[in-house]
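Each protein sequence line maps, in turn, to chains A and B.
So the first sequence is numbered by the numbering used here: it starts at 1 and just counts up by one.
So the second sequence is numbered by the numbering used here: it starts at 1 and just counts up by one.
It is worth saying that the hints were derived from the structure and are not from the lab.
Some hints here could point you the wrong way.
Pairs of lysine-lysine residues, derived as DSSO-like cross-links and limited to a Cα-Cα distance of at most 27 Å, are as follows [as the list claims (entries may be wrong)]:
1. B/K95 <-> A/K338
2. B/K339 <-> A/K79
3. B/K388 <-> A/K79
4. B/K2 <-> B/K388
5. B/K95 <-> A/K388
6. A/K97 <-> B/K388
7. B/K95 <-> A/K386
What the simulated footprint calls covered on chain A by chain B, stretch by stretch (three residues with Cβ under 8 Å from a Cβ of chain B suffice, anywhere in the stretch; the number is not a length) [said to hold, decoys possible]:
8. 71-84
9. 154-168
10. 276-287
11. 326-332
12. 375-388
13. 393-399
Positions of the beta carbon are idealized from the N, C-alpha and C atoms, including for glycine.
Now for the letters of each chain:
2 protein chains.
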Amino acid sequence: MKIYHASIVYSKNKDELQEFEKAYIVVENDRVEGIYETLPSEYEDAEIIDFKNYVIIPAFSDLHVHAPQYPQRGLAMDKLLSDWLNDYTFPLEAKYKDINYAKDVYNAFTKDLIKHGTMHAAVFSTIHNPASDILVECLEKEHIQSFVGKVNMDINSPNYLKEDTKESIKNTELFVKKHINNKYAKPILTPRFAPTCSFELLEELGHIAKKYNVGMQTHIVESIWERDEAKKCYDGCKCDMEIYEKAGLLNNEPIIAAHFIFPSSRDIKILKEHNGFAIHCPDATTNVIAGIMKTGSLLDKDVKIAIGSDIAAGQYLGIYHQISSAVRLSKIKAFYEKKERSISFTEAFYMATKEAGKIFDYVGTFEKGYYFDALVIGDLEDDFHKLKASEIVERFCYSGEVTNIKHRFLRGKEI
Amino acid sequence: MKIYHASIVYSKNKDELQEFEKAYIVVENDRVEGIYETLPSEYEDAEIIDFKNYVIIPAFSDLHVHAPQYPQRGLAMDKLLSDWLNDYTFPLEAKYKDINYAKDVYNAFTKDLIKHGTMHAAVFSTIHNPASDILVECLEKEHIQSFVGKVNMDINSPNYLKEDTKESIKNTELFVKKHINNKYAKPILTPRFAPTCSFELLEELGHIAKKYNVGMQTHIVESIWERDEAKKCYDGCKCDMEIYEKAGLLNNEPIIAAHFIFPSSRDIKILKEHNGFAIHCPDATTNVIAGIMKTGSLLDKDVKIAIGSDIAAGQYLGIYHQISSAVRLSKIKAFYEKKERSISFTEAFYMATKEAGKIFDYVGTFEKGYYFDALVIGDLEDDFHKLKASEIVERFCYSGEVTNIKHRFLRGKEI
Chain A
1 MKIYHASIVY SKNKDELQEF EKAYIVVEND RVEGIYETLP SEYEDAEIID FKNYVIIPAF
61 SDLHVHAPQY PQRGLAMDKL LSDWLNDYTF PLEAKYKDIN YAKDVYNAFT KDLIKHGTMH
121 AAVFSTIHNP ASDILVECLE KEHIQSFVGK VNMDINSPNY LKEDTKESIK NTELFVKKHI
181 NNKYAKPILT PRFAPTCSFE LLEELGHIAK KYNVGMQTHI VESIWERDEA KKCYDGCKCD
241 MEIYEKAGLL NNEPIIAAHF IFPSSRDIKI LKEHNGFAIH CPDATTNVIA GIMKTGSLLD
301 KDVKIAIGSD IAAGQYLGIY HQISSAVRLS KIKAFYEKKE RSISFTEAFY MATKEAGKIF
361 DYVGTFEKGY YFDALVIGDL EDDFHKLKAS EIVERFCYSG EVTNIKHRFL RGKEI
Chain B
1 MKIYHASIVY SKNKDELQEF EKAYIVVEND RVEGIYETLP SEYEDAEIID FKNYVIIPAF
61 SDLHVHAPQY PQRGLAMDKL LSDWLNDYTF PLEAKYKDIN YAKDVYNAFT KDLIKHGTMH
121 AAVFSTIHNP ASDILVECLE KEHIQSFVGK VNMDINSPNY LKEDTKESIK NTELFVKKHI
181 NNKYAKPILT PRFAPTCSFE LLEELGHIAK KYNVGMQTHI VESIWERDEA KKCYDGCKCD
241 MEIYEKAGLL NNEPIIAAHF IFPSSRDIKI LKEHNGFAIH CPDATTNVIA GIMKTGSLLD
301 KDVKIAIGSD IAAGQYLGIY HQISSAVRLS KIKAFYEKKE RSISFTEAFY MATKEAGKIF
361 DYVGTFEKGY YFDALVIGDL EDDFHKLKAS EIVERFCYSG EVTNIKHRFL RGKEI
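Chain A extracted, bound-state conformation (with noise of 0.2 Å):
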């Protein structure tokens, strides 16, 4: 048992910080056991670890990101989306036939995605089953609670890049197959998006999450281009959601659909169905230009919305920063689109960590029986201007650099 003594804020629910000076939280193991504003005698023999004004918040969760990506974070960031993937991000993926490429890259992501804070996380690979056991391995050795995607692309795609349909199926299962009874690290179907996958192939991926019972992540209505291509590309499919649904990839858990920027109502009427999450990533649709999602409507009609770092299109691994900015990116939307509304500090921290870590077992809060993973930060606050500790927690989500992360707790242990 461990108690530290801190002030200590989570997400009540989507419009309600639940926001603690200087208080007790008791840890069981790798759980919470509770919150005390003064310590229960029973505990009072305890060692106490005073992190004095430091501030306990939940680790974060990042439900869209290229792990193959990461050497290019904050590269090229001035180009068009179509030059972007095109001069920079297939050829990139396509080094990861070496898996000692991989290596070093997946070994430095995860020791990076940690020391940002980020202990969740839905992750794309790449189209090899190599370099994509090698990123199932590194996360898993880390204890990181994720879902890993072995990408899928057998049309419309760079030759050096594409798939053979058959290849591609066979490959899959023998993915998910290898990692299904991980205990951290879990296998999640990836088909890049409907403009890179055959129905063919979308099917087989049906068949696959029905007998292994796994979920997909993919991009959905990301772009304009990208909605219109899927449409086009998928007769008697009315929207991009759709098309998954009737290949049968909407029937397991989770579903996360990243970018989800231009959905119709059907979409949103399907993801919701199918208890699915918009996964936001303002930076990263606003570098590739791709436009911005309609946070405040989506939240109005109960959408249920996490947020994703997006490396390489987005720049920056802590997800703190993708706080701020889906915050920033709601006011703008509201400026050009009157019928939209911004969001509130609060709303887009709830996505971040509780909305985020339903996907995950017992995360995103401190509720008693909650692991805790957590964060403690620090050094944000002036002497000549104290802050309460909800303003110290937004002025690191504006604010912050990763230094400002103290400590790091997963499942009880400081990492």
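Place chain B on chain A using the hints.
Positioned in the frame of chain A, the structure of chain B alone reads:
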């Protein structure tokens, strides 16, 4: 004489970076003597400091920053502008009647500015003379080339932050007189913006401008509200810039027009006629939902644009983050307004270094004779993915943190 061995990047012009991989920069006393790919024989015996794979870039200039708002950075950023000003900013600015508070804040602000690589700045103070003097002294002591303004507000302001017109004029002249012969931190006239200044006040400031040959900084067409309000207040003025022109405030340099989001063609014409600078503060204008500057089309009209952090409407002191935000915002602008274009990283970097530097003496580039005001940046490259020097600079501006600034030089001296 000092010789530094490293890669070197600076702006040649708006459209070109000057990039040297592992070269030698010779600094004589406080200025750049030259950059050499091979060291000339005359320097062979000189001491060479090898920065290995680090990159040397010019220190940044921040041309719009509110020092008194420093304690408020990254707070209440999901509020609307009016609430943010009335509930947070104005009450905070009123605290600067206490000179001890001013000392604490302005010392911390100056240190943090330098830490973030900004060595030249145009700074707003508050209406208070003693506090404004302290701000000037802090910057002068650190040899920061800067323009500092005691703020004027005599109408439409909260009672606790409103000046009597005559007092405002008298105090402004005292402030200008006191600092006019400073070596580094010089006075600049700083009417907050047209809606908070009577025309009588502006005209008298015009006389001070002429008498002491001092320039002006203010907020120009920052928001639709401000643009319309300004025109209402000043009968017979067709646009915001014209108010200051009529008041005789545009005849002395520098002229610094912060934000410049909704300029009419007349605003643009007047700004250019007086050799003024439009200051882009990308995060700030989206945090407070004012709008997005038309960076691309203004550049194409040869408007001089520099960059500002606009603390505390902006959340980062580091100008490098505003360079990347400027590119990202220009992409959003082009997405929503088809006649606008996105800008390149090279253009944004130029704005924050060489263009902004023109307001000061010999800074913003490493041409011969320029002061060696420089940052040495590093730890931005992965072993498995080597980068060109200009890519390291781009990654710094997109994904970097203050810890990536390894050394800082001001006038040839490491600080």
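Query raised in the report: When the hints from earlier in the document are held up against this structure, which numbers fail?
Result: 1 and 9
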